[in-house]
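There are 2 protein chains.
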Amino acid sequence: MLSTLRCMAKTYIKNMKPSLAKGTRDFTASEVQKRRSIISVLQKNFELFGYQPLETPSFENLSTLTGKYGEEGDRLIFKILNSGDFASKVNQGDWDEKASQKLVSQISEKALRYDLTVPFARYIAMNHGQLTFPFKRYQIQPVWRADRPQRGRFREFYQCDADVVGSESLWLEVDLIQLYAKCFADLRLDVEIHVNNRKILTGLAQYAGIEEQLIDFTVALDKLDKIGEEGVRKEMMEKGISAQAIDKVAFLFDSKLSQEEVLTVLKSNFSQIEIGKQGVEELLFVLEECGKLGLSDKVVFNITLARGLDYYTGAIFEIKALGVAMGSVGGGGRYNNLTEVFGVKNMPGIGISFGLDRIYLVLEELGLFDELEGAKVQYLVANYGLLEASKAQILISQLRTKGISCELYPENAKLKKQFTYAEKKGIETILFYGEQEINDQTITLKNIVSGEQKTLTLEQFLG
Amino acid sequence: MLSTLRCMAKTYIKNMKPSLAKGTRDFTASEVQKRRSIISVLQKNFELFGYQPLETPSFENLSTLTGKYGEEGDRLIFKILNSGDFASKVNQGDWDEKASQKLVSQISEKALRYDLTVPFARYIAMNHGQLTFPFKRYQIQPVWRADRPQRGRFREFYQCDADVVGSESLWLEVDLIQLYAKCFADLRLDVEIHVNNRKILTGLAQYAGIEEQLIDFTVALDKLDKIGEEGVRKEMMEKGISAQAIDKVAFLFDSKLSQEEVLTVLKSNFSQIEIGKQGVEELLFVLEECGKLGLSDKVVFNITLARGLDYYTGAIFEIKALGVAMGSVGGGGRYNNLTEVFGVKNMPGIGISFGLDRIYLVLEELGLFDELEGAKVQYLVANYGLLEASKAQILISQLRTKGISCELYPENAKLKKQFTYAEKKGIETILFYGEQEINDQTITLKNIVSGEQKTLTLEQFLG
Chain A
1 MLSTLRCMAK TYIKNMKPSL AKGTRDFTAS EVQKRRSIIS VLQKNFELFG
51 YQPLETPSFE NLSTLTGKYG EEGDRLIFKI LNSGDFASKV NQGDWDEKAS
101 QKLVSQISEK ALRYDLTVPF ARYIAMNHGQ LTFPFKRYQI QPVWRADRPQ
151 RGRFREFYQC DADVVGSESL WLEVDLIQLY AKCFADLRLD VEIHVNNRKI
201 LTGLAQYAGI EEQLIDFTVA LDKLDKIGEE GVRKEMMEKG ISAQAIDKVA
251 FLFDSKLSQE EVLTVLKSNF SQIEIGKQGV EELLFVLEEC GKLGLSDKVV
301 FNITLARGLD YYTGAIFEIK ALGVAMGSVG GGGRYNNLTE VFGVKNMPGI
351 GISFGLDRIY LVLEELGLFD ELEGAKVQYL VANYGLLEAS KAQILISQLR
401 TKGISCELYP ENAKLKKQFT YAEKKGIETI LFYGEQEIND QTITLKNIVS
451 GEQKTLTLEQ FLG
Chain B
464 MLSTLRCMAK TYIKNMKPSL AKGTRDFTAS EVQKRRSIIS VLQKNFELFG
514 YQPLETPSFE NLSTLTGKYG EEGDRLIFKI LNSGDFASKV NQGDWDEKAS
564 QKLVSQISEK ALRYDLTVPF ARYIAMNHGQ LTFPFKRYQI QPVWRADRPQ
614 RGRFREFYQC DADVVGSESL WLEVDLIQLY AKCFADLRLD VEIHVNNRKI
664 LTGLAQYAGI EEQLIDFTVA LDKLDKIGEE GVRKEMMEKG ISAQAIDKVA
714 FLFDSKLSQE EVLTVLKSNF SQIEIGKQGV EELLFVLEEC GKLGLSDKVV
764 FNITLARGLD YYTGAIFEIK ALGVAMGSVG GGGRYNNLTE VFGVKNMPGI
814 GISFGLDRIY LVLEELGLFD ELEGAKVQYL VANYGLLEAS KAQILISQLR
864 TKGISCELYP ENAKLKKQFT YAEKKGIETI LFYGEQEIND QTITLKNIVS
914 GEQKTLTLEQ FLG
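Chains as they are written, first to last, in my numbering: chain A, 1 to 463; chain B, 464 to 926.
I should point out that these hints are in silico values taken from the structure, not numbers from a laboratory. Treat each hint with caution, since some may be false.
Claimed, not checked - Capping the alpha-carbon separation at 30 angstroms, the derived lysine-lysine pairs in DSS-like fashion look like this: (1) A:Lys-446 - B:Lys-755; (2) A:Lys-414 - A:Lys-424; (3) B:Lys-740 - B:Lys-761; (4) B:Lys-507 - A:Lys-446; (5) B:Lys-887 - A:Lys-182; (6) B:Lys-507 - A:Lys-417; (7) B:Lys-761 - B:Lys-730; (8) B:Lys-917 - B:Lys-880; (9) A:Lys-256 - A:Lys-267; (10) A:Lys-402 - B:Lys-497; (11) B:Lys-686 - B:Lys-645; (12) A:Lys-391 - B:Lys-783; (13) A:Lys-416 - A:Lys-402; (14) A:Lys-345 - B:Lys-879; (15) B:Lys-565 - A:Lys-22; (16) B:Lys-740 - A:Lys-391; (17) B:Lys-740 - B:Lys-697.
To be verified - Footprint (simulated), chain B over chain A, 3 or more residues, beta carbon under 8 angstroms: (18) 22–28; (19) 87–98.
Beta carbons are placed, not taken as given, at the ideal position from N, Cα and C, and that holds for glycine.
Chain A with its partners taken away, still in its complex shape (with noise of 0.2 angstroms):
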């Protein structure tokens, strides 16, 4: 509040319509509680498992964000207009040219966090020396892309990470997979945790002899499922890959083959590549421990599995709700160097990320927020006037001490209409403070759903 609305009336423009912008959302209280049902699970879990919260803030520097995300990813990041004369200091020529692309950086140094990536990437630079490492950070906060909007896609959302850096020990990736597995199962969302390492990407593109065209490879690869293994050649071919590289991991295709069938297989072809081995190895220990915490159920070996190949360097994983046609619901993987591009090197890690969005449908298809939920008004005190209001008034303190939500209907209005009001706001049980009580030291309590209603002493009441 803070006496903001001051103007408001000097400057009234008649009949003006608001609307939202473009791509955003308002959240109503039972929006607003589902999704908190929704992180509170998270930081729970995050903070079970030893990460602690980290909170940057919703704009950076502009010449932090450029450059990291690619030339798509410049493009969709939200400038911030440099206050006052912004103008004044530009480039005359950009200026006259109207070379919105070079007038950028000059009339905007800020703009909105893109993900949460980059900020967590030059808060370690920046803080490298004081902090002790492997350092364990969650962060839950919403990111700006100015995407054009469609179903589901919005230009304002919450994305949920947990990384570590500072190790390249594999428990960490154990330890990424149960905290997916705990936060999924506390959502009783039912899922499967991909998994796939980049090195083993790499070790057959080698033994295909397309190194070169590794991501191009991968990316084709990754559309198995949708395009089928006639699609996948297709593409491959399309993009310079030989019918013969291409026939030589065939296997892949072969959806008959059971996960420890295509290890096999991998392992006879990663004899003499060594990088190959190594991913395999990686993947066999991880299957393994996963499996002695009672996950092999879980954990699923996905080959065709790439995500953001280019980043990755070891493990990948991507969730896939089971039961719903919703692709993946988080995603995340190992990376080499997170703060190599701010000067501070050697800095391994990993994370995973939640698509709190997602996550949000998928509940609510299955109908899983029920028991989340709550939260709501337990009672409405029906006002009877200004001398029955003022003793509820004693009566609605006490409650609320005892932490029961409750409020008096603000006016004397026909009790119709105060019935109405906690109807529509969800509120199941009117109490009924009236002189009659009053004098007898009761309460009369009205379940509006049932018509159930019963007058109690107030010391049974309160208990």
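Assemble chain B onto chain A, guided by the hints.
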């Protein structure tokens, strides 16, 4: 994480030293936890009082925000530069003149939230047909202002507001005062809730015959604490208020008058002044009802209190923290028309705000955070190597299922290094689960603060 640093390696800029954007802050784990402890007290009590959460987007259409905060406010709104070729759609004349002011709305159609009130008004205006009134909402979100940063003033900070719209009932004044009292009691912060009424100030100006100078009069009066009677008189006279008029209200300067005596003088002065009389009646109602609720010693009638006067129309609140040198830690009041500027009339309401950053500083200064903290990791499990770590994982998983936070040191490093990690992270107890313990089905706990060490059977330990 979500595959975002993929381009970092490519765009590696040597030794680029990153920094925070001016006026922004990173919040470390302990800061986040302290801030959260305050927010959680507010949130819990807001809901206890029947207020329900609302979240609005970080940015709004620029047109929604401009003209609502005065000229100075408009300047301080952070505008977001349009994406793409923003320069292509501008008025050529304005461009040639480099008329920054005129160009703003041509190259920027979105802006960051400046406060929570205007977005709330926008929300009400857009949805009033579907809402149940009186509508009680609370909102705890960051806002952004392009202010010159200085000690304690940031460009990104949180506001915490609770408002009711759609009712003129004075019970809401009583409700919000109780809410203030309960929140600060739960925060264990000793405060005074200063209360005034705009109608009393208007009445006073009428009584002194200076209605036209109401704002100058109250702005000067508001400074009585700081600049004393002489200062206030001087400022009033500089603003053209006659000495004669000032003399008529000279009783305001008499610090010896009790609250009751001031009210007696007001009542007699207002015998012919309807609005003043009404203000006194409203105030007395609020004071009396708060008295019945045991809040007499918290609620103080402060006739010099003005706050954003041209916005408030009835009650005015301000919270003073006792025992520390700090301005107000909260404020609010009653207003007539929240949404008129958006074409929706008759939306009276009342709201209060909590100053999160200032509350934080006060709690810190008074050392009141100790008990609120917590959320530290409880156990570090020492890493003795592959076999032991693999067994330890199962133990860790059992502890976490019990809600006990713990982590394995991810590498088989020297114990000294593992101890240092625990110490720096504030983990007090290290668990040893080595070969001996595994064979004996025991576990050794070492408190690194007290040095105390004990061995328990696993059964005893896991209870």
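Status of the hints after comparison with the structure:
| no. | hint | verdict |
| --- | --- | --- |
| 1 | A:Lys-446 - B:Lys-755 | holds (27 angstroms) |
| 2 | A:Lys-414 - A:Lys-424 | holds (16 angstroms) |
| 3 | B:Lys-740 - B:Lys-761 | holds (24 angstroms) |
| 4 | B:Lys-507 - A:Lys-446 | holds (25 angstroms) |
| 5 | B:Lys-887 - A:Lys-182 | holds (27 angstroms) |
| 6 | B:Lys-507 - A:Lys-417 | holds (27 angstroms) |
| 7 | B:Lys-761 - B:Lys-730 | holds (23 angstroms) |
| 8 | B:Lys-917 - B:Lys-880 | holds (21 angstroms) |
| 9 | A:Lys-256 - A:Lys-267 | holds (18 angstroms) |
| 10 | A:Lys-402 - B:Lys-497 | holds (24 angstroms) |
| 11 | B:Lys-686 - B:Lys-645 | holds (29 angstroms) |
| 12 | A:Lys-391 - B:Lys-783 | holds (29 angstroms) |
| 13 | A:Lys-416 - A:Lys-402 | holds (29 angstroms) |
| 14 | A:Lys-345 - B:Lys-879 | holds (25 angstroms) |
| 15 | B:Lys-565 - A:Lys-22 | holds (23 angstroms) |
| 16 | B:Lys-740 - A:Lys-391 | holds (26 angstroms) |
| 17 | B:Lys-740 - B:Lys-697 | holds (28 angstroms) |
| 18 | 22–28 | holds (count 5) |
| 19 | 87–98 | holds (count 5) |
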